[in-house]
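Start from the sequences, fold in the hints, and give me the full structure.
Quick note, the working numbering runs 17 ahead of the 1-based positions in the sequence shown.
Hint data in this document are derived by calculation from the structure and do not stem from the laboratory.
Hints may contain errors.
[Stated by the list, open to error] The calculated label-pair distances, taken between Cβ atoms and stated as ranges, are:
no.	residue 1	residue 2	range
1	V76	E139	44 to 50 angstroms
2	L81	E43	54 to 60 angstroms
3	N56	S88	49 to 55 angstroms
4	E135	Q91	32 to 38 angstroms
5	E43	R124	46 to 52 angstroms
6	V37	E132	46 to 52 angstroms
From a predicted model like this one, the values you see are computed outputs, not experimental measurements.
We put the beta carbon where it would ideally sit given N, CA and C, even for glycine.
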Amino acid sequence: MADTEQAVVEQAADAPAGEVQNVELEQVAEGMVPATEENLDILLDIHMPITVNMGRTVVPFRQLLQMGPGSVLQLDKAVGQPAEIYVQDIRFATGDIVVVDGCYAVRIKDILSREEIEAQAEEAQG
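Printed below as a string of structure tokens:
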């Protein structure tokens with residue numbers, strides 16, 4: 018093993034050294050990049066994952082194993098209570114579950130304030 022290590026060290030010593038160049042970096046304050054219309058257009062085309070939470074429940078593992086087709090899980094929200102709408106795992110709004118063209122949909126009822134959303138994001142980061 019020592020012979021292998023010595024061979025690697027000798028090969029590294031024989032290798033030509035790369036040219037070293039000094040780089041001068043400009044000091045830029047945070048937020049100094051101007052938002053151009055083109056930059057905003059790129060951001061506006063980003064697709065965001067949205068999750069709608071109709072309710073939750075907790076069941077013992079034994080009960081979970083006994084479930085099959087036709088089993089019913091009762092959720093913790095009553096009919097008519099608003100569902101929670103999440104954007105990238107951050108609660109963003111609440112809304113009512115509706116049906117549109119045979120598919121479930123959500124009618125937005127209330128959007129959280131910027132402060133509430135930022136507080137959740139900070140909590141999620143730890």
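Here is what the structure says about each hint:
1. The supplied range of 44 to 50 angstroms is broken by V76 and E139, whose beta-carbon atoms lie about 32 angstroms from each other.
2. In this structure the supplied range 54 to 60 angstroms holds for L81 paired with E43, their Cβ-Cβ distance being about 58 angstroms.
3. Between N56 and S88 the Cβ separation comes to about 50 angstroms, which falls inside the hinted range of 49 to 55 angstroms.
4. The beta-carbon spacing between E135 and Q91, approximately 34 angstroms, falls within the hinted interval of 32 to 38 angstroms.
5. For the pair E43 and R124, the beta carbons lie near 49 angstroms from each other, so the given range of 46 to 52 angstroms is met.
6. Restraint check, V37 to E132: a C-beta distance of roughly 49 angstroms satisfies the suggested window 46 to 52 angstroms.
Hint compliance for this structure: hint 1 alone is broken.
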